[in-house]
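K.L.:
Now for the letters of each chain:
4 protein chains.
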Amino acid sequence: MPLTPDQSDEIAHLRSQTVPTRRATVPALEEILYEAFPALDHGFVRVIDYMGDDAAVVQAARVSYGRGTRKVSEDAGLIRYLMRHWHSTPFEMCEIKFHVKLPIFIARQWIRHRTANVNEYSARYSILDKEFYIPASENLSAQSTLNRQGRGEVLEGAEAARVLDLLREDSERAYRGYAEMLNQDEDGAQADPSRSGLARELARMNLSLNYYTQWYWKVDLHNLMHFLRLRADSHAQYEIRVYADIMIDIMNRWVPSTAEAFREYRLGAASLSATGLAIVRRMLAGETVTQPDSGLSKREWRELMEQLGRPADV
Amino acid sequence: MPLTPDQSDEIAHLRSQTVPTRRATVPALEEILYEAFPALDHGFVRVIDYMGDDAAVVQAARVSYGRGTRKVSEDAGLIRYLMRHWHSTPFEMCEIKFHVKLPIFIARQWIRHRTANVNEYSARYSILDKEFYIPASENLSAQSTLNRQGRGEVLEGAEAARVLDLLREDSERAYRGYAEMLNQDEDGAQADPSRSGLARELARMNLSLNYYTQWYWKVDLHNLMHFLRLRADSHAQYEIRVYADIMIDIMNRWVPSTAEAFREYRLGAASLSATGLAIVRRMLAGETVTQPDSGLSKREWRELMEQLGRPADV
Amino acid sequence: MPLTPDQSDEIAHLRSQTVPTRRATVPALEEILYEAFPALDHGFVRVIDYMGDDAAVVQAARVSYGRGTRKVSEDAGLIRYLMRHWHSTPFEMCEIKFHVKLPIFIARQWIRHRTANVNEYSARYSILDKEFYIPASENLSAQSTLNRQGRGEVLEGAEAARVLDLLREDSERAYRGYAEMLNQDEDGAQADPSRSGLARELARMNLSLNYYTQWYWKVDLHNLMHFLRLRADSHAQYEIRVYADIMIDIMNRWVPSTAEAFREYRLGAASLSATGLAIVRRMLAGETVTQPDSGLSKREWRELMEQLGRPADV
Amino acid sequence: MPLTPDQSDEIAHLRSQTVPTRRATVPALEEILYEAFPALDHGFVRVIDYMGDDAAVVQAARVSYGRGTRKVSEDAGLIRYLMRHWHSTPFEMCEIKFHVKLPIFIARQWIRHRTANVNEYSARYSILDKEFYIPASENLSAQSTLNRQGRGEVLEGAEAARVLDLLREDSERAYRGYAEMLNQDEDGAQADPSRSGLARELARMNLSLNYYTQWYWKVDLHNLMHFLRLRADSHAQYEIRVYADIMIDIMNRWVPSTAEAFREYRLGAASLSATGLAIVRRMLAGETVTQPDSGLSKREWRELMEQLGRPADV
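Chains as they are written, first to last, in the numbering used here: chain P, 7 to 320; chain D, 7 to 320; chain Y, 7 to 320; chain L, 7 to 320.
For reference, chain P alone in the conformation it holds in the complex (with noise of 0.2 Å):
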């Protein structure tokens, strides 16, 4: 469970509480507003605060004076227009913050991401808590045989054991490093009286790259499609989809209208190469090609294939 009473009772008080506003509102994100989200062992996505709905990507790309058209279709075509020809600043005009708790080596990927706000926890100022992700033994894979930066099949038996064992003694000893470095017990006490601890800006680095962070992180819409489009893909890491996932879910709460579009023209969207296209077209006219006269490489053959949904016969 990733919250402590303590927390529980915080976002309990602050989700009990409403106020008038003249702002745009979305009654299905104001529901879910604040709450916790699991993710893996102990990550959560929680959503803080949020600017805009749908409306207001057509309001903006109107520069409108009210808050645009009322019937929800004509909002929805236009959306979807936007979207397919890459008009990218309405939907900037749309905000979201979140509060996101997750191990740090995707902390690392995800802050690749450079168009948004970031307020991290600080290890140099706090201490972190006893907090690591162990895989689940159905996400425990081995590495992809055909492609480096990929996952193969799941680990079993005796390697999948000792695996899990190693993960977890070796979190648990660069923890107990941590907190003799710190000179702390386990209540966040002064351990030895006789010792000054070390710094813990220092001290952090004894702890492994699977430990919680957790983070404030707010971004416009645009940009979240932009990190959705990548991190939910099924290229992407597994640890960073189940975030991704989460997000896509909140999405569909928030700007209905907007979320439809980006499944249709972005992550439901393919795209072909010009020699692709022009293999489409052959294909279309009723020439059968295959891949030695496609002008493609084998892979990108079979990439191409497996979109059309048709055997790649290489």
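Hints are computed from structural coordinates only; laboratory data are not their basis. Don't take each hint at face value.
The list makes no distinction among identical chains, and a pair is therefore deemed to hold if it is satisfied within one copy or across any two copies.
As the list claims (entries may be wrong) - For lysine-lysine, the following DSBU-like pairs were computed, each having C-alpha atoms within a straight-line distance of at most 35 Å: (1) Lys77 / Lys304; (2) Lys77 / Lys136; (3) Lys136 / Lys304.
Place chains D, Y and L on chain P using the hints.
P.N.:
Here is chains D, Y and L on its own, set in the frame of chain P:
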């Protein structure tokens, strides 16, 4: 008057409706939400939406589960600390969205601040109204003779009258040419059925830079303060300062503690160069320092003495 | 002719000098360094400086100590892979700096690409030359009747002549007003010693949007390609496409492997929506699909059929 | 020693070759191009490429056709002016690319500077070397008792020895676990043919934050100075200051006039708050000001007196 009756009605309609929210809400800002604050002769600034408040800065700095402390004085102290030590990321956690109407030559200065989101009214797609900026006579300044990028005395008499006539006549004429090329009469209808009308994206180039445009401009609090520090400065062009001053008033309503720290550590602060600091130390130690033995140029010496409230003696 | 003799001399002087460097250097780009490529009637594009080459993309992708592989074919393969899989950061490792002279209404479109560095000629500080854009007659298009943001047929006969006259007369007149307000004669000298002259920062607003400005524009290769994909597109305004086309030629010289991958996976590529992809799959499986049972609007159906080289039948 | 013989050979090879270029070139920087400057126990900083020089700042500020003035003193004067008045865009016209090897916990601080381009060595794709940071004994500091985010006295005797032992042992053990999970022996070969080996993207999480990573980091001169002002500051963590100090030396070689202005107006400068400025004015007018009647807190008073070289008396 910058608004049409229709626009005023749309705004009044928006202002008449409130809904409940669980989000951080600022009553003093809600009070003026959507209202148009006039700027120059036809422009305005309106707040369309906002995210966060002073407490949200504190909450992000602490990566807290609840809304941070409940004592305003503690929050204000932390905010002052963050501002003093250039911790910018907590201020990025608040966001505000403006609707601004402004002359094109000012829009061209404004857009140089890149860390913001913008949707501008498109003259490729729509037809611009006949609204152009004419300075009030007290702002009709001569070129400065000291500073190539500055204003001198206010023009008077015949020269002032001639300038105002020229500005008005040329602006009127530019619009006549624009409308004629578009083949539009005064009501926006086709003027001459035998003509096609020039493409909007071309016709717009006949308008002059004092014509008004408008945009939605969304920015986080840190970057807003950066904008205001530069554009509310006495070296900024008067016409953009008018907008910056309105936005400072809005900021005072929105985040009063942050606004106070901003005045203390940015707007009212002084930056001393290494040499300037050494001079102050020498003066405080009782030494009489003069420009020739100061290590500063005459210009920098005058600037320093002015900051220190001392006679320049050069 | 866009350059004065003095400017041409300065450029020739720069081009006459070479010095030794250990940096990655591209002879085909050195050949044209500093040269002005004409654009529209008075504009140009010049390359002022560059950093990196195709091999620098590979070197960064591998975080290597040396200059990466020596075989051009291996580098090209990796570059194609990076482009296909949207790995953008290695392309950010190359940088190019342009000097561009362009009409203000085009500069206003261009500057919306925020991820670049810009220094523009300041009309607060200096006086603009009398240079304005007048379209060639073959580019004098009517407003499109199908697309609010597009051009239709070319204007002809009396209407074309009238438009050109209006553009020229109004531009001339705007400059006369500008010079008179500045109190400058044709040689830039004070015209009337009894007058002060309006501040430059005010006088400039009398000029129209077809006047030329100029800037230094510096951008990394990834963001350059993003700019070119949008601005060399057939939906972009003709006047900005002229610049984009010149820059694509420059890119071909600078980074030929990247430029080839860019044509294959971006410029010549097609994006199919989820529904569009399903239609292609059905057609390839032998099904006859028509617009009404396609799930697409008529407009999207036409766009898809055009991409696929099929008759639209609607 | 941070480099292998192969890496040193690659660097020597690069350094041995020069080609002619027409670009702005800085001999003092060419002299050290590609060289590795050691940082901490296994890290380094290398300059891989650069664009522009002091004259390029001037050239951009003037949007000039040639290379600006030829007199270094005039250029230096303009550079000082630009720095003093916070004109940042001309400094954005120079760019530098570094190859940096650094501990992961420092990389996590560093990456918070978002306005830069980064390519990091991927532990999803490749296997990290067994290289971790152990502080030299003179940098093994206790937690500060005054400042939660700072260091106090250097640890000594048994406590220091114990901390160093813990860091070394836990780092060694973390790598043993990493290699065993990967099923790799010391030469990188498969250790046990009956096992699959855990995916690299998972195994990496067993490593601790003192392990070294490396990246290419490219930044413009303005944002480099912003980074250096914060990270060469006495409040920055020692381990990142080591890198910042090396980069300041590099900057001195690259753009000596800009570096001088940077020391004068940024590094050695002082920012006085509005209240602080008022106090200095009172003191210069002969008044004796004490903390209680200063309007400053004790902490701010001490900071101000230290800046001014006066006793704090509180």
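K.L.:
Against this structure, judge whether each hint is valid.
P.N.:
Here is what the structure says about each hint:
no.: 1; hint: Lys77 / Lys304; in the structure: between (49 Å within a copy, 21 Å between copies)
no.: 2; hint: Lys77 / Lys136; in the structure: between (51 Å within a copy, 31 Å between copies)
no.: 3; hint: Lys136 / Lys304; in the structure: neither (48 Å within a copy, 37 Å between copies)
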